[in-house]
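Engineer: Chains as they are written, first to last, in my numbering: chain A, 32 to 235; chain B, 32 to 235.
These are calculated hints, taken from the structure and not from any lab test.
This list has only true hints and no planted wrong ones.
Identical copies carry no separate label here, and so any pair may be met within one copy or between two of them.
Derived lysine-lysine pairs resembling DSSO-like cross-links, with alpha carbons at most 30 Å apart:
| hint | residue 1 | residue 2 |
| --- | --- | --- |
| 1 | K152 | K173 |
| 2 | K123 | K152 |
| 3 | K104 | K123 |
| 4 | K220 | K152 |
| 5 | K152 | K228 |
| 6 | K218 | K228 |
| 7 | K152 | K104 |
| 8 | K91 | K173 |
| 9 | K220 | K173 |
| 10 | K152 | K91 |
| 11 | K218 | K173 |
| 12 | K218 | K152 |
| 13 | K91 | K123 |
2 protein chains.
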Amino acid sequence: MPQGVPAVVPDDGLTTRQRRNRPLLIVHTGVQKGKSTAAFGLGLRGWNQGWDIAVFQFVKSAKWRVGEEAAYKALGQLHADTGQGGPVEWHKMGEGWSWSRKQGSDEDHAAAARDGWAEIKQRLADQRHDLYILDEFTYPMKWGWVDVEDVVETLTGRPGHQHVVITGRDAAPALVEAADLVTEMTKIKHPMDAGQKGQRGIEW
Amino acid sequence: MPQGVPAVVPDDGLTTRQRRNRPLLIVHTGVQKGKSTAAFGLGLRGWNQGWDIAVFQFVKSAKWRVGEEAAYKALGQLHADTGQGGPVEWHKMGEGWSWSRKQGSDEDHAAAARDGWAEIKQRLADQRHDLYILDEFTYPMKWGWVDVEDVVETLTGRPGHQHVVITGRDAAPALVEAADLVTEMTKIKHPMDAGQKGQRGIEW
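So here's chain A without its partners, still in its complex pose (with noise of 0.2 Å):
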């Protein structure tokens, strides 16, 4: 809604540029479908801003995001190539993150789930990015593996003007509470409910 007109003016003192351009804390939430998709689409406006994004994917199945994956390191490279749009990281912890040296080792998740945030909230320190989409996080928090404290603290308090999506179900209430904007995924119909499995092209 580019054009709408807020329900409030708040009397903090930044001019309405000031307070537009403000870095945003997204999360995408609830059982249905769209979540991610609603993630990755909104990073197509950054990219083409020039933005450098950043992925974390905190899911394990092979197949999950394969066409986002190859949409986002084409228009990556493309930028490479170009200049069109911006830079593009792609980050899978099912894989062993590309920075660590326990590629591949499966073992221990909620390990490999520490060490990506443990790498995000550096980054997020050294202000490496504009956009970070953290896919699927909301679960090593909802395990227990990553502390929910910890990460609302870290991105409250994110220097500079980085902007970041959290993705997935059960949210937690502290994060909820500390970000900007907050949509939950609400199920009206699913295929499932017909008996129809998911297919190639829409659910990978």
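Chain A is already provided as a structure; the job is to place chain B on it using the hints.
Structural biologist: Chain B alone, transformed into the frame defined by chain A:
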């Protein structure tokens, strides 16, 4: 949920594979952000499968979807140049549909919306594309410019294997009824509530 188990296995005479691969009618509705971004994120999966994708943008603001449009056109060009992914077409009502002689006509939105739907109907009959993204197409229906019954009949009777995604608020009940997958983007929080207007890279 590619690994999910269907709640019901219908007695429809189809194998699991046949049922799995039925084309979907998908609706993204609700008041919150994420309807279009989720559609364009989904399209990345189809693009990676080599699908022929066509976007029909039923909105008028010049600023809207510029990021998605640039990224999709880049991906379509990449397909033309290298064969990776699939072809992409992007059609906008706002500038006058590409196939129309009424270029740039901004006189009669109702007529333009009807022209758009007539073209889509013809393409569906011709099985021209694998995935149709009808962005903000709920509005011409809501405003009575395009007949909901005609849309529902055309879509439920479409031949072959064509996926269709429709986005926008206030999806008509008959459309929801006919759809296979319906997601409502529910607002938990929006930056506008805190006086923050839309910004570059996030809203467009």
